[in-house]
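Participant: Here are the chains, one letter per residue:
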Amino acid sequence: MNKNLYQPVNGEIIEIIDESPTIKSFVVAPEDKFNFKTGQFVELTLPGEGEAPFTPSSSPAQTDKMEITIMKAGRVTALLHQCQKGQKVGIRGPYGNGYPIDDFVGKEIYIVGGGVGLAPIRSLFLTLVERIKDFKSIVCRYGAKTPADLIYKDTLFGSWQKIDGVDMKLTVDEANDGWDGNVGVVTTICKPMDVDIKNGAAVICGPPIMMKFATFKMLEFGFKPKDIYLSMEKNMSCGVGKCGHCMIGKYYVCKDGPVFTYDQLKDYPDIWD
Amino acid sequence: MKTVFINKLKPFLDAVAGWCELYIPKKAGKHYVYSKYDPAGGAVVEFNEIRVCTPVKEFLFPMHELAATFPKSFEPEDIKPFAVFGLKNCDLRSIEILDKVFEEEEFEDPFYAARRKNMFIISSDCTEVGESCFCNLFKGEGFARVGFDLNVSKVEGGFIIEAGSQKGRDFIEEHSGLFSDVQPGLLTQRDEIRDQVNKQLAQKNAEFQSDAAIRDIVENGQDSDVFDFEARNCVECQGCTRVCPTCHCFYLYDTKRKDYFAKMKMWDSCMRMAYAAVAGGANPNKVLGDRIRHRFMHKFVYFLDRYGIDMCVGCGRCVDADVSGMDLRVVLKELDKEFKDKNRKKAKAAK
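Residue numbers (my numbering), protein chains in the order written: chain A, 1 to 273; chain B, 1 to 351.
Chain A extracted, bound-state conformation:
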């Protein structure tokens, strides 16, 4: 008999980190070792309540536990936000393709993130940094609504700023008194001279509206559609290309994605909705 692909692996929330007023990171320890590739996603079950897809924000090198950063956006995420340390959960996956790290070798990687979209990017970033010599440079542009909405603040303002070969800039849509950085949406800190476009790969993850305008910005800079990588968020439910909810045209986001090049998606309507 085949393994039941709908059966989650049991796990436990062992730590909860407040990232912003609406975002928390949950450190989840699965009962068994859990391997995934950066950019792949998991289905996290709150037993008896529901299941939702998330891309782990930790490095795949860590297999005994993973971090999942979750914004309170709907029913399941609101319930997860009420959970305490010790909560039992289920994890299915990993699903999907993940980021094609090997295709990035020798390139300048231009990462554009917004809001909770930094979660998958953090995992990617940590993976890239582990073998930083393989890449020409890593340029990261990240924005949030207000300074309070920036996540991973400790590392964002701390260790990540000091890594050799990483160029990191931050922005907020609306500033307050303590903020002396850039004010404006993330595309305002994206400049064509940030990377060598011809040898570059752009990676975009964030809310749909931000992804839309960031993609257009990258095209304007001269990135080819096949060099723009998008981490798509759709209603992934089964995770294995059967239940149908996450389709974009012929693609199942859960199986063929969640990472797509803009080239794959550009002819489909409503990809940003």
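One or more hints might be untrue.
Simulated crosslink set (SDA-like; lysine to any residue; CA at most 25 angstroms straight-line) [claimed, not checked]:
#1 Lys250/A - Asp99/B
#2 Lys255/A - Ala282/B
#3 Lys250/A - Glu75/B
#4 Lys37/A - Glu108/B
#5 Lys266/A - Glu75/B
#6 Lys255/A - Tyr307/B
#7 Lys256/B - Lys37/A
#8 Lys3/A - Met266/B
#9 Lys255/A - Glu75/B
#10 Lys72/A - Tyr253/B
#11 Lys266/A - Glu108/B
#12 Lys212/A - Asn283/B
#13 Lys250/A - Lys256/B
#14 Lys266/A - Asp99/B
#15 Lys266/A - Asn283/B
#16 Lys250/A - Glu108/B
No lab work stands behind these hints, which were simulated from the structure alone.
Use these hints to put chain B onto chain A, whose structure you have.
Facilitator: Okay, now just chain B, sitting in the frame of chain A:
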């Protein structure tokens, strides 16, 4: 190939029922539905002229089933062999389509696979053409050539039973006392009946026959107004997708039981408003016309591109179920017209 004759269905079905659970067609109004056969119950054994009203997927992928439990895990239980009598060629072709999805090597659905392996398929030839039947538009015929364990053809004075698998041949061997040899001439008669039904199918759907590939017609028409036009009368009852033997969308949800938590798997429908909505509120298919478009694109373009087979067998169940009167054939005909108009204009412009 093993072919035998029997003059009555009951002893044959009794023999099947003696070996495993058997489901047979039962008249319900002007349609048939499946019901469990009880040899001792005095049930009337009927030979359904055309397909049964409900889709065969019910036997392999039930409307509602337990998919996982927590904290103790759940693996598929042993499925006992079961048999279904009266499946038509369109039903067998729908199983072929579902196999592509649920028996995909990398992600095999263990519940489907277990039932599939234990299903004994007894198909039968169509002896009539239903009002909504259009399998011939999808290269279908009124009888099955493959995909069955046993196939039953109604002929004068009885039935010809043909084995299509080792399981079927074994059954005939083991029950050889029930059957007699096929008398000369009966096979010819069977073929004549088959031809007759195929001809009727062709006649019935002559006005819908196009020389263009349906895939191209639909792909060309993806921006057509026809979907919004159809949406005007659609009441989103989702009946079309429920009775469709190839529609296989499902919904996973979690629930609480007395001593454990359960993850359930239930049929879903892409006609539902919130079908593709995400927690943040985004929904790529908010508009009903877009959902109808997606249904057509999935059936005739996306599925074909991925699996090499149309996701429609032309059984016509959706036509019967549609309270708004939408007829898939009529939509395809309209799209075909638009396709040809466009090509005509293109050709004219090129001159």
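Participant: Hint by hint, note whether the structure agrees.
Facilitator: Results for each hint:
no., hint, in the structure
1, Lys250/A - Asp99/B, "18 angstroms, holds"
2, Lys255/A - Ala282/B, "20 angstroms, holds"
3, Lys250/A - Glu75/B, "31 angstroms, violated"
4, Lys37/A - Glu108/B, "21 angstroms, holds"
5, Lys266/A - Glu75/B, "41 angstroms, violated"
6, Lys255/A - Tyr307/B, "14 angstroms, holds"
7, Lys256/B - Lys37/A, "32 angstroms, violated"
8, Lys3/A - Met266/B, "20 angstroms, holds"
9, Lys255/A - Glu75/B, "23 angstroms, holds"
10, Lys72/A - Tyr253/B, "19 angstroms, holds"
11, Lys266/A - Glu108/B, "31 angstroms, violated"
12, Lys212/A - Asn283/B, "15 angstroms, holds"
13, Lys250/A - Lys256/B, "35 angstroms, violated"
14, Lys266/A - Asp99/B, "31 angstroms, violated"
15, Lys266/A - Asn283/B, "18 angstroms, holds"
16, Lys250/A - Glu108/B, "20 angstroms, holds"
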